[in-house]
Amino acid sequence: MNTNTAISGTSGDRSQATLELKNVNRGFGDDWSREEIITDFSLTVHPNELTVIVGPSGCGKSTLVNLVAGFDKPDSGEILLDDKPITGPGHDRMVVFQETALMPWQTTRANVVFGPKLRGDRSNADIEAEADQLLDKVGLSDFKDKYPIQLSGGMQRRAELARAMINHPLVMIMDEPFRGLDAMSRELMQEFFVRLFEENRRTNLFVTSEIEEAIFLADRVVVLSNRPTSVRQIIDIKLPRPRDFHMLSSTEAYEYKREAMELLHEEALKSFKRKGDQSELVEAFDKRSE
Amino acid sequence: MSEAAQDTGTAHGSHSSGETTAPKKRSKLSKALTSDTFWRGIVSLIGFVVFWEVCSQMKNWTGVEVPWIGKVPPPTEVVAAWSEIFWYKGYWESWYLSTARVFAGFLMAMIVGIPFGLCLAVNKYFYDIFFPPFEILRPIPPLAWVPASIVFWPTTEMSIAFVTFLGAFFTIVINVLGGARTIDIRYLRVAQSMGATQWDLFWKIILPGTLPSIFTGAAVGMGITWEVVLAGEMLSGGGQQGGGGLGFFIWSSYMGGTVAQVIVGMISIGIAGYLSSTFIRYLGSISMPWRKLF
Numbered sequence: 001m002n003t004n005t006a007i008s009g010t011s012g013d014r015s016q017a018t019l020e021l022k023n024v025n026r027g028f029g030d031d032w033s034r035e036e037i038i039t040d041f042s043l044t045v046h047p048n049e050l051t052v053i054v055g056p057s058g059c060g061k062s063t064l065v066n067l068v069a070g071f072d073k074p075d076s077g078e079i080l081l082d083d084k085p086i087t088g089p090g091h092d093r094m095v096v097f098q099e100t101a102l103m104p105w106q107t108t109r110a111n112v113v114f115g116p117k118l119r120g121d122r123s124n125a126d127i128e129a130e131a132d133q134l135l136d137k138v139g140l141s142d143f144k145d146k147y148p149i150q151l152s153g154g155m156q157r158r159a160e161l162a163r164a165m166i167n168h169p170l171v172m173i174m175d176e177p178f179r180g181l182d183a184m185s186r187e188l189m190q191e192f193f194v195r196l197f198e199e200n201r202r203t204n205l206f207v208t209s210e211i212e213e214a215i216f217l218a219d220r221v222v223v224l225s226n227r228p229t230s231v232r233q234i235i236d237i238k239l240p241r242p243r244d245f246h247m248l249s250s251t252e253a254y255e256y257k258r259e260a261m262e263l264l265h266e267e268a269l270k271s272f273k274r275k276g277d278q279s280e281l282v283e284a285f286d287k288r289s290e
Numbered sequence: 001m002s003e004a005a006q007d008t009g010t011a012h013g014s015h016s017s018g019e020t021t022a023p024k025k026r027s028k029l030s031k032a033l034t035s036d037t038f039w040r041g042i043v044s045l046i047g048f049v050v051f052w053e054v055c056s057q058m059k060n061w062t063g064v065e066v067p068w069i070g071k072v073p074p075p076t077e078v079v080a081a082w083s084e085i086f087w088y089k090g091y092w093e094s095w096y097l098s099t100a101r102v103f104a105g106f107l108m109a110m111i112v113g114i115p116f117g118l119c120l121a122v123n124k125y126f127y128d129i130f131f132p133p134f135e136i137l138r139p140i141p142p143l144a145w146v147p148a149s150i151v152f153w154p155t156t157e158m159s160i161a162f163v164t165f166l167g168a169f170f171t172i173v174i175n176v177l178g179g180a181r182t183i184d185i186r187y188l189r190v191a192q193s194m195g196a197t198q199w200d201l202f203w204k205i206i207l208p209g210t211l212p213s214i215f216t217g218a219a220v221g222m223g224i225t226w227e228v229v230l231a232g233e234m235l236s237g238g239g240q241q242g243g244g245g246l247g248f249f250i251w252s253s254y255m256g257g258t259v260a261q262v263i264v265g266m267i268s269i270g271i272a273g274y275l276s277s278t279f280i281r282y283l284g285s286i287s288m289p290w291r292k293l294f
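Top line first, the protein sequences correspond to chains A and B. Numbered as in this note's numbering, the first sequence ends at 290 without a single skipped number. Numbered as in this note's numbering, the second sequence ends at 294 without a single skipped number.
Looking at chain A on its own, in the form it has when it is part of the complex (with noise of 0.2 Å):
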């Protein structure tokens, strides 16, 4: 029940910060084969906001993802994190991937410590006692020496969740987490997730392609272009925090969600009559023989 108190490690440092786009383009394949994924991409993720991007999918915004988290660089335009430009991966920015990435070979806890313990950067005690502390929170205690495949997928993300957070980032990736999920585990997660940005209000980038769940979290609702991709439009979702299920049911949150949905349907129409997605998968595969 009172799983949501503050925990010092964590509440303290509420992230102030500022992410931003400047026109960032980005395309693959060469001459005939060229296609553009992204172009004149601009957006700014206020601090202390969820900002949750949706598009059609296949429309790039794993290709997005992957820029801001210095996995992929722009051909050009700029990613710049409180006006310094990111130029690789580093645990300012965390990413929580599609369906699970924990490690299978590390038990909860070891994927929990995992980074704090890579780079050395804080005491063991430190970083056992806050990984403790984090585990509880997401409801994990007794969970600690499973490994991820005894875990249940809701468990699974919680622990992703918060081998995140032990890392302090400043701007928290969600690339599509719950994707994968059932309906049920889905929904609880979505009000977890909620409750614990609602605490620390840490800057968030979260891409969905599920419109009520992005009105659900967010504070500003990024709807993406067809491909090549830029922002179509931004709505304020002015719900008021905290969050709960019923506002979806408000007249408010219906007229959003005609909206958004409106332009999607528009996007994924566009996007119907185009080939698929196979270029980020070759893309992926292309990268693991660097």
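Misleading hints may appear alongside valid ones.
Unchecked claim - In silico DSSO-like links for lysine-lysine, alpha-carbon gap of 27 Å or less: (1) A:LYS117 x A:LYS144; (2) B:LYS292 x B:LYS204; (3) A:LYS257 x A:LYS117; (4) A:LYS22 x A:LYS73; (5) A:LYS270 x A:LYS22; (6) B:LYS292 x A:LYS144; (7) A:LYS257 x A:LYS238; (8) B:LYS204 x A:LYS144; (9) B:LYS28 x A:LYS146; (10) A:LYS117 x A:LYS146; (11) B:LYS59 x A:LYS117; (12) B:LYS204 x A:LYS73; (13) A:LYS73 x B:LYS124; (14) B:LYS31 x B:LYS292; (15) B:LYS292 x A:LYS146; (16) A:LYS144 x B:LYS28; (17) A:LYS84 x A:LYS73; (18) B:LYS124 x B:LYS204; (19) A:LYS146 x B:LYS31; (20) B:LYS292 x B:LYS28; (21) A:LYS84 x A:LYS22; (22) B:LYS204 x A:LYS146; (23) B:LYS71 x B:LYS59.
To be verified - Restraint-style ranges between C-beta atoms, simulated for each label pair: (24) A:PRO85 x B:LEU207: 43 to 51 Å; (25) B:THR155 x A:ILE149: 47 to 55 Å; (26) B:SER285 x A:PHE245: 42 to 50 Å.
Hints in this document: simulated from the structure, not taken from any laboratory. Ideal Cβ positions, reconstructed from N, Cα and C, are used throughout, including at glycine.
Using the hints, position chain B against chain A.
Then chain B, alone, in the frame of chain A:
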């Protein structure tokens, strides 16, 4: 909040729910002895031996010979031959020699093959340079190397060891390479974000991620090693500087002993191979505790 912590009805829920009920204390042995799998195995083995006995004895009993299998000495005769050979020091020396060769060749293949496979997987230049010759040499059956290696190496023992090594080496390398390449790129990205160095990525992600493939390669490689060492021993004979072993035991039984002895040799190899792969599986299960849960 509290409902979220309960987290009901999800894919792997059944794994965790079993943890709350206190598990009955049962040893692994008693579990194995009472399992259906164990008893089916026993019944199948007994059935096989009885079938073999009946077929082999058919001529003595009815005068009608069962084709092929009728020419094979019956299990009773094999057991008799075995109980005689069992007390000979030479028989156990054969076991020792073959096992030593298998493990020497196998260990060398692991020591050289695992780093080689990992290097192929992580370094593009290394791959470009070493993969083409590797791929040309790989299809050559280990036994085709026997004459050449007898020429290359000063002693017979060394040529047997070399051929044994080759048998496991190629399989291990291919498995390690394949395994390392199929590691989920997200694991590497997570580690990268958290500040992992190349060294960390290698030891903390690539190596544990490849472990399952390493053990698959090892299990297959072990089987090939037994095949190869036996053939090598048959070819090399039991000279002063090498030879002997179970392969030579079979060959000399064939030349100067009885067919029952040949079968004793064959079954010995079966048992040795089984023990070796059980050993590999055991090593695999203790070094990859998370795999047992799949």
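The hints, checked one at a time:
| no. | hint | result |
| --- | --- | --- |
| 1 | A:LYS117 x A:LYS144 | holds, 16 Å |
| 2 | B:LYS292 x B:LYS204 | holds, 20 Å |
| 3 | A:LYS257 x A:LYS117 | violated, 43 Å |
| 4 | A:LYS22 x A:LYS73 | holds, 13 Å |
| 5 | A:LYS270 x A:LYS22 | holds, 25 Å |
| 6 | B:LYS292 x A:LYS144 | holds, 18 Å |
| 7 | A:LYS257 x A:LYS238 | holds, 13 Å |
| 8 | B:LYS204 x A:LYS144 | holds, 19 Å |
| 9 | B:LYS28 x A:LYS146 | holds, 21 Å |
| 10 | A:LYS117 x A:LYS146 | holds, 19 Å |
| 11 | B:LYS59 x A:LYS117 | violated, 74 Å |
| 12 | B:LYS204 x A:LYS73 | holds, 25 Å |
| 13 | A:LYS73 x B:LYS124 | holds, 21 Å |
| 14 | B:LYS31 x B:LYS292 | holds, 16 Å |
| 15 | B:LYS292 x A:LYS146 | holds, 12 Å |
| 16 | A:LYS144 x B:LYS28 | holds, 26 Å |
| 17 | A:LYS84 x A:LYS73 | holds, 15 Å |
| 18 | B:LYS124 x B:LYS204 | holds, 20 Å |
| 19 | A:LYS146 x B:LYS31 | holds, 23 Å |
| 20 | B:LYS292 x B:LYS28 | holds, 14 Å |
| 21 | A:LYS84 x A:LYS22 | holds, 12 Å |
| 22 | B:LYS204 x A:LYS146 | holds, 19 Å |
| 23 | B:LYS71 x B:LYS59 | holds, 9 Å |
| 24 | A:PRO85 x B:LEU207: 43 to 51 Å | violated, 34 Å |
| 25 | B:THR155 x A:ILE149: 47 to 55 Å | holds, 49 Å |
| 26 | B:SER285 x A:PHE245: 42 to 50 Å | holds, 45 Å |
Hint compliance for this structure: hints 3, 11 and 24 are broken, all remaining hints hold.
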